[in-house]
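Protein chains: 4
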Amino acid sequence: MIRIAVLGAGRIGKIHASNVAASLNAKVADPVEASAKALAVRLGCDATTDCSAAIDRDDVDAIVIGTPTDTHITYMLQAVRKGKAVLCEKPIDLDMLKSTEAATEVERLNGRVMLAFNRRFDPTSQAFRKAIDAGEIGDIRQVIISSRDPGMPPRDYVLHSGGIFRDMVIHDLDTARWLLGEEPVEVMAMGNRLIDSSLAELNDFDTIMVQMRTASGKQCHINCCREAVYGYDQRFEVSGSKGMLLQDNLRPSTIRRWTAETTDAREPLLNFFLERYVDAYKNELEAFVDAIKNNAPMPTTVRDGLEALRLAECALQSALTGKPVQVSSLA
Amino acid sequence: MIRIAVLGAGRIGKIHASNVAASLNAKVADPVEASAKALAVRLGCDATTDCSAAIDRDDVDAIVIGTPTDTHITYMLQAVRKGKAVLCEKPIDLDMLKSTEAATEVERLNGRVMLAFNRRFDPTSQAFRKAIDAGEIGDIRQVIISSRDPGMPPRDYVLHSGGIFRDMVIHDLDTARWLLGEEPVEVMAMGNRLIDSSLAELNDFDTIMVQMRTASGKQCHINCCREAVYGYDQRFEVSGSKGMLLQDNLRPSTIRRWTAETTDAREPLLNFFLERYVDAYKNELEAFVDAIKNNAPMPTTVRDGLEALRLAECALQSALTGKPVQVSSLA
Amino acid sequence: MIRIAVLGAGRIGKIHASNVAASLNAKVADPVEASAKALAVRLGCDATTDCSAAIDRDDVDAIVIGTPTDTHITYMLQAVRKGKAVLCEKPIDLDMLKSTEAATEVERLNGRVMLAFNRRFDPTSQAFRKAIDAGEIGDIRQVIISSRDPGMPPRDYVLHSGGIFRDMVIHDLDTARWLLGEEPVEVMAMGNRLIDSSLAELNDFDTIMVQMRTASGKQCHINCCREAVYGYDQRFEVSGSKGMLLQDNLRPSTIRRWTAETTDAREPLLNFFLERYVDAYKNELEAFVDAIKNNAPMPTTVRDGLEALRLAECALQSALTGKPVQVSSLA
Amino acid sequence: MIRIAVLGAGRIGKIHASNVAASLNAKVADPVEASAKALAVRLGCDATTDCSAAIDRDDVDAIVIGTPTDTHITYMLQAVRKGKAVLCEKPIDLDMLKSTEAATEVERLNGRVMLAFNRRFDPTSQAFRKAIDAGEIGDIRQVIISSRDPGMPPRDYVLHSGGIFRDMVIHDLDTARWLLGEEPVEVMAMGNRLIDSSLAELNDFDTIMVQMRTASGKQCHINCCREAVYGYDQRFEVSGSKGMLLQDNLRPSTIRRWTAETTDAREPLLNFFLERYVDAYKNELEAFVDAIKNNAPMPTTVRDGLEALRLAECALQSALTGKPVQVSSLA
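Protein chains in written order, with the numbering used here: chain A, 3 to 333; chain B, 3 to 333; chain C, 3 to 333; chain D, 3 to 333.
Think of the hints as simulated: they come from the structure by calculation, not from any bench.
It is possible that part of the hints are untrue.
Identical chains blur together in the list; that is why a pair holds if it fits in one copy or across any two.
Unchecked claim - Mimicking DSS-like on lysine-lysine, the simulated pairs with C-alpha atoms at most 27 angstroms apart in a straight line are:
hint : residue 1 : residue 2
1    : Lys-284   : Lys-16
2    : Lys-39    : Lys-92
3    : Lys-16    : Lys-295
4    : Lys-244   : Lys-39
5    : Lys-132   : Lys-244
6    : Lys-284   : Lys-325
7    : Lys-84    : Lys-16
8    : Lys-100   : Lys-284
9    : Lys-284   : Lys-244
10   : Lys-132   : Lys-325
11   : Lys-295   : Lys-325
12   : Lys-244   : Lys-325
Looking at chain A on its own, in the form it has when it is part of the complex (with noise of 0.2 angstroms):
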């Protein structure tokens, strides 16, 4: 059985660590000792205040690291040179600089991290990648994603955030490479603030748009928005040479309504990521132990991680310059 340490027991600490609770056996760890042992008590298992001792403990085979996004590379560092496989959460660090050292220097130590980019563990983007593979819609040519937020963060969240591309947006950038199946080159962005003006003061939006080229001219959208009144929207669609894909919302159950002002209504959106992709994190844990079990290539890398930050900093810099980025103008 892999032995797993859960760093962080804040809210995604949780649910990996809930996850992890379930098969495996886990181990909790957060500098806040309260937060720790809350979370332990309620899987029962073990709780500490040290995450880096968690990390070299004899017990534990792998490391998932829910912690704060700028300790991220510290304890990625320390647990691949232990030769602990990882699972880190996104981004790897708001700084392109630091993030690339880091993803060279676990490339160099062949350390096995694979980038939690949940997404792609969801059951209908698996739908998705296996439809896709198996040719059913041809050559792809246009790659639509929409994806909103049901509100606005807290401030102090937008603060810490990095800004509404490398937190938010670059979810749907890694989306987009994963459908495309191809770099994209070219990245043009818009962002506005049509929520709140004061993210002026951040160079932050509330609001954007990108569009995106491939070396062989596949095209990609998205557009983000922080705030949706009719909850957490996720689609995203594919359209290629035989045909088109496109992945609808979810909902808490299928009932619809039929009144005298609808019909066929259906419920709100489920209200959030975590509630949102509740079978995704499960399969993007079960995918990690796989790997790790079956000494298998790590689903996501830190490649990934590194290459969706480098289009977020692209995008950024269109936006604020209002101009084209070429993404080799970063490399």
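Guided by the hints, dock chains B, C and D onto chain A, whose structure is given.
This is chains B, C and D only, laid out in the frame that chain A set:
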């Protein structure tokens, strides 16, 4: 060009006359002079109050009967004897015996009479027929028909309607025969008064269910209600050994609404049959004219009208007695 | 913590035991030693082949009965007499008389028995209940239930199933009672053999329709078939004076396909009840445990099991005799 | 009664002429005598080969221009100078300068010219307008338009089309202006050749993406492709502070198919614009006639035609240079 006289300038006559006028040589006849004239002026054609004379005119090749039910047989037989083709609104008559005699007489005279079961000519119904005939769903097993009116008709209408089975359910019984491709042999019906309890005085109902089976064991369920706040509900489904076909409702547009309360909500249904079956009425008239031009068999016959009425009688009898009725007992 | 013994390590026992194991203190009992051990090892809990002894254990608070139908009453009464809460799979027994005696005895002893009508605990069913109770659709008028299995069960299963009405339709009859909120008083059923004509030897059917009404005139239709090539079809709708609610099917993902042949096509349905009702089984067990913890009434009772069986008997008798059956005649 | 002369008896002229003929006094003019006569015979109206003479006729009140693009301005100005109302197919002209001069001249003369942006008159578009104007979705934030043709047009058509931006995307640019309710100020476009690489010779593309923003920061994305195997794809969505509206595609019928492979599959889309926008063309002509009768402002103006063309020019320039284009730079 086929020259057509439309008898009856009421609700249904107007529809037929408009469809005739668009491309054919129309005349309008209605005992109420004002009605006849008003419609004729609108269509730029002749008007008369003498329906019988209109049938006899030399410059009339075919007759569309949209007059009150108790005049259907008279005009139908007059026209047949004059060698003219007839499109007659359903039912033949509210009386089973009279209807049987009329149908027998029409058949004896090789009369060319089409019964106006408009729903068979709806584009979705036509798509069903084509798919079933192509063997898409294999051998038919179960047919489910849901059919609800937007609101109770006026008392006066109910009084002369012959009751819910002869007036409303007859359409669904015809649809059932058409979809099953085999005659029902047994009918079980339930009638209740959930909207207007005073219908008891008329031995009538506002909410009914029917189930029937054919000799080979195919089953059919029909549910009807005189009122649905969400509009004129017209759905059916056919399941077979290889699959299932569903008919969804139509709406005025394809707009879908997403709000904080619901998502993907569609518009209310088209209000009633004149709006819902606009294309069906056009196609019906076209099929009638095509049959005349090509000297081909009528797509629906007076026999179809009789068999649908027979099923309505069986259902009514079953609902009143609480017992199943063998269709052969009404032969 | 509630300590639960699961009797029966077969298909349904496995589901319950897994749900128990996730958060509760489980034991597994099955007369077949290999089955009991295999499941216990998987869950890391105790195993025994003596179901009766498992009921009596001091460290067991509640019993889940997933053994063959003809043992349900014995174990249920033993547990009730020991003062233990019981979650019992449907039906109570295939025999109406024995079931009635058992239900009466449970009630005399104030036994705490929950009948496992899993579908009531499906998220969409729960959403229905909530919407109906909130008055969203006003007074209920018609309930339509469509319920089809993906394929014919093995002959051996059919032989011991009690027939389609007691085995399969009983779920829909329970759903009908639950949605109607009022007892049906009259039942008309039709049974046919469109898939396997040899079922005639067993007085059984593969394709059925039922229609029922309550004392106040609410109507319900049920259609079932032992086979549907497109998968396990589970839909229902309830219409009332203010609107209608529909339950759509679930699918493995929300992918939709657009090709030259079809558009917006969804995936095949989840294969069968274990996949379709995964959440319902979890919620069911949780509701059972909550009722125990809070000393609250069981959400479904042995009386519910009896009434659903009574309707199944009525429907079977109606299908065999071709006559409507008054529910009171089976009291 | 308004008396209308339809110039051009080609594909689009036929549509307009048929709609005119149904209720108005039509004349048909086309330099190709056979075309003019064929259509006139079908509609039972006069034919001529002299478009200019048709404009001048005393018994003509209004002109519908469906002739080749390079004749639009000539006929438009002739008609305006004669004081006649004009419904002119888009674009005004392929040349921005000539178009600007023509628009200015029409405005100087207070000419009554309606530009035929048919999609604005589609029932779903009208429902959008109404919902937006009613404040249903609050302040608009993002508009997403997907627009794909069923297949590549013939080479000869492409040669004279002005390219994908002026010929095809112009419709979507007009839709964007109409939905946004505010002029775009910046345009970024990407064009690729994924279907026909030889389009490079013409500086044309087959697959494009455009993103634009307005002065207040509203954003719009458009994706177009000259080919989609699943048919003529016409969707758009508008999200705002209070909700979102989607436009789904239309299909020939509402049939849905369930088989072992897929469930709930809908039919292929209507083949192309003549089928898809049948109602839109009727409504468009009706709106034109209503504006004449009521002496009301034209619902779309020559200025609308000019602004849509300006955006097409901006998009083309952006796609060719790889740089964003400020709309004001083309003023």
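Evaluation of the provided hints:
no., hint, result
1, Lys-284 with Lys-16, "both (12 angstroms within a copy, 21 angstroms between copies)"
2, Lys-39 with Lys-92, "within (25 angstroms within a copy, 42 angstroms between copies)"
3, Lys-16 with Lys-295, "both (23 angstroms within a copy, 26 angstroms between copies)"
4, Lys-244 with Lys-39, "neither (54 angstroms within a copy, 42 angstroms between copies)"
5, Lys-132 with Lys-244, "both (15 angstroms within a copy, 26 angstroms between copies)"
6, Lys-284 with Lys-325, "neither (40 angstroms within a copy, 43 angstroms between copies)"
7, Lys-84 with Lys-16, "within (24 angstroms within a copy, 40 angstroms between copies)"
8, Lys-100 with Lys-284, "neither (30 angstroms within a copy, 45 angstroms between copies)"
9, Lys-284 with Lys-244, "neither (33 angstroms within a copy, 33 angstroms between copies)"
10, Lys-132 with Lys-325, "neither (36 angstroms within a copy, 36 angstroms between copies)"
11, Lys-295 with Lys-325, "neither (46 angstroms within a copy, 49 angstroms between copies)"
12, Lys-244 with Lys-325, "neither (34 angstroms within a copy, 31 angstroms between copies)"
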